[in-house]
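Chemist: Heads up: the protein sequence lines correspond to chains A and F, in order.
Under the numbering used here, the residues of the first sequence are numbered 1 to 371, in order.
Under the numbering used here, the residues of the second sequence are numbered 1001 to 1125, in order.
Derived from the structure by calculation, the hints contain no laboratory data.
Among the hints, erroneous ones may be present.
[Claimed, not checked] Heads up, incomplete: computed chain A residues facing chain F, CB under 8 Å, no partners named: (1) G29; (2) L223; (3) S228; (4) M232; (5) F326; (6) L330.
Glycine is no exception: its CB is placed at the ideal position from the N, C-alpha and C atoms.
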Amino acid sequence: MQGAARGGYTDAQITSLIRDSGSVEISAGLDLIDLSLTVLDDLTGDFLGGSVTRANYATLHGTADLNISRDLDWGTALVRPYMNMTDGVTTARFNLGVYLTSSPRTDAVEIPVTHSVTAYDILHWLNTPVGEAYTVESGTGYLAAVETILIAEGILAYQIDQTQAAAVLPASRSWAFDDKTTWLNIVNDLLSGIGYQGIWSDWDGRLRVQPYLVPRDRKVEWLYDAGSDTSMLGRRAIIRDWFDVPNRWVYFSNADPGGSAPIDGAGLYVYVNQYIGPTSVAARGRVISAKPEQIDSVDQNALIAAATQRIDADMRLKTTFEVESFPNPLHWHFDRLAVSDPSLGPISDVLGVRWTLPLNGSNMQHEWSLL
Amino acid sequence: MTTTLTLTKVFVNLMSSGAAVSAQSAPGRAEKYEMAGETRTYAGGRRRSITIAGEVGTYTFVLRLAVRADIETLRNWIGSTVEVRDHKGRRFFGTYYQIEIAEYRDALFWDVGITLSVVTTDEGV
């Protein structure tokens, strides 16, 4: 989630505004910005609202459906919607990401003309086919290779966690010429090789590169409860999906193609979920194997980190909460949440998978996966 | 020195040109202001209010004994931004989307009902 503190207010004050205030007023705005995230113009006077959606497992995490009564340089213009919230005492603004205005639908009958635009996460800037074979040479730093691509593609605002700055490719890595490989694929392949999570863009529009942390090991960022003064939960449902859920995974590395076949602990990682949760071997009474998968990784630890990301995702997708809530514009990328609501069972640790925030103050929709 | 202009009628001016239509008006010219909002129920029975910024204002008036030429002018201004002033010193900027024309026994004059939807306007100084 976004950090709550802003505009001179503390975390507690902003949390209280969102969670505790009996009456709040919502408004929305829109900035036209450039790749350095400099505001070029305020489009609020021509902004008729819309919604912002974030689907964390999608290729492009963020989309925004926006209604604008001004012509922009469609396909190139970058916009940043935001929400203002006030209870008369505390007033705060929440940026909601940067989007490329790719697909306008123009209502030619209305005066002034209104454009309904589906705009895509600034990651779209990297989601273009490479158009040729691409190679990163042996000995090149993984993070350096990622940064090289970001710079070459014109990305100006990014933040790279340098924890694995020393990790270099043990062998050159090539992406063949095909019609599917994008710069985004290459960046994420490289990050996967050092146990980083896929690149994502933050609320201001800055691209973020950072190590993957197991969600269970992260601290809870927001508690949704049913308290008489703190409840924000509207309609809610639980969906359980048992189809084809594995409890055994096999991952192998291609770090040394000329070497011997990988064995468990050296280029091979096998994980069996023996006891954790309702999909474990113990709970289901049998081993259900996932299809073996190859991961390019610098060493065994990176292989395990990348595999753990995938295993966590496989294990998480089985119990889903579909929930409406009071608007909470702090939500962002794979939020670690807790839910205390008797109608949903015991206190649950969940991960935010998807959310939609209407900018007109309507209830927010969430999809959470049980951890 | 300040000069006070006291109007004896309701004046409707087209903002883009300043052209005016004026007429006597019926009593009971109503102003109304509201905000979009609702009180919602959340888990545990909590009730919480949420409003959307932006006051919605309307001003409803009836021009009495208007001549046909003025009515046609007001028809042409439907959907345009106008300024409306009355003898109580009230002034509104807004747009109307319909006019309701009612006849008199005297064929030369008509009543015209208008509901003005107030818009946000910056006045140049």
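Chemist: Does A/G29 pass the interface check with chain F, least Cβ-Cβ distance below 8 Å?
Modeler: violated, 10 Å
Chemist: Is the interface hint for A/S228 satisfied, with its Cβ closer than 8 Å to some Cβ of chain F?
Modeler: Where the cut-off is 8 Å and the nearest Cβ of chain F is about 6 Å from A/S228, the hint holds.
Chemist: How about A/M232: closest beta carbon in chain F under 8 Å, or not?
Modeler: holds, 6 Å
Chemist: When the nearest CB of chain F is found for A/L223, is that gap smaller than 8 Å?
Modeler: The hint is violated - A/L223 has no Cβ within 8 Å of chain F, the shortest such distance being about 13 Å.
Chemist: With a cut-off of 8 Å on the beta carbons, see whether A/F326 makes it to chain F.
Modeler: Because about 6 Å separates A/F326 from the closest Cβ in chain F, which is inside the 8 Å limit, the hint holds.
Chemist: Quick one, is the A/L330 hint okay against chain F at 8 Å, beta carbons?
Modeler: violated, 16 Å
Against the hints set out earlier in the document, violations occur for numbers 1, 2, 6.
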